[in-house]
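Engineer: Sequence:
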Amino acid sequence: MPALRVEHYVHFDPIVIGDSTATADALAALTAAVQTLTQKVTTMSGTQDTIAAELSNLTAEVAAETTVSQSAVTLINGIPAMITAAIAQATAAGATPAQLAAFNALGQTITDNSTALAAAVTANTPVAPPPAPAPTPVAPPAPPAA
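Using our numbering, the first residue of the sequence shown is number 1, and each one after it goes up by one.
Since the hints were derived computationally from the structure, they do not count as laboratory data.
Remember, predicted model here, so these are calculated numbers, not experimental data.
Using N, Cα and C, we set each Cβ at its ideal position, and we do this for glycine too.
Any given hint could turn out to be false.
[Stated by the list, open to error] Derived Cβ-Cβ restraints for the label pairs, each shown as a range:
(1) N77 / T38: 55 to 61 Å
(2) T42 / T74: 55 to 61 Å
(3) A24 / E54: 22 to 28 Å
(4) P144 / T67: 32 to 38 Å
(5) A118 / V41: 48 to 54 Å
[As the list claims (entries may be wrong)] List of simulated lysine to any residue pairs, SDA-like, C-alpha gap at most 25 Å:
(6) K40 / Q108
(7) K40 / T59
(8) K40 / A26
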């Protein structure tokens with residue numbers, strides 16, 4: 001995960017040094033601004049950690065679901081093959097085509113249904129959006145002329 005980089009520039013109007021009240025007020029305002037900024041950066045850092053943990057959990061959940069989905073696909077695709085093998089064994093044992101017609105129909109129905117299911121999943125799976133363009137770096141503003 002990329003490191004978080006926060007840059008903040010604070011610019012104040014020139015202060016007349018001869019007025020100590022204005023200097024003290026400006027220093028107090030600057031201190032408050034820095035404290036607020038520090039709190040916000042700390043909050044953002046905590047949020048980033050939370051997001052990273054949630055992303056990790058979501059990735060694990062997707063991997064688990066993918067494994068379950070693949071197992072279901074293997075099972076659904078394997079049933080017609082098992083029926084075909086059973087029919088071949090029954091035929092070798094002397095079963096007639098009339099006796100095995102129901103099994104042939106069942107195997108064909110399962111094949112047709114799994115094909116329709118695969119087509120429906122494909123048709124209803126959204127196309128991935130194109131990747132977002134890389135952000136353009138922004139140069140910091142030039143310091144005010146003295």
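Engineer: With reference to the structure, classify each hint as holding or not holding.
Structural biologist: Results of checking the hints against the structure:
{"no.": "1", "hint": "N77 / T38: 55 to 61 Å", "verdict": "holds, 58 Å"}
{"no.": "2", "hint": "T42 / T74: 55 to 61 Å", "verdict": "violated, 49 Å"}
{"no.": "3", "hint": "A24 / E54: 22 to 28 Å", "verdict": "violated, 45 Å"}
{"no.": "4", "hint": "P144 / T67: 32 to 38 Å", "verdict": "violated, 60 Å"}
{"no.": "5", "hint": "A118 / V41: 48 to 54 Å", "verdict": "holds, 49 Å"}
{"no.": "6", "hint": "K40 / Q108", "verdict": "violated, 63 Å"}
{"no.": "7", "hint": "K40 / T59", "verdict": "violated, 28 Å"}
{"no.": "8", "hint": "K40 / A26", "verdict": "holds, 21 Å"}
Violated hints, in rising order: 2, 3, 4, 6 and 7; the structure is consistent with all others.
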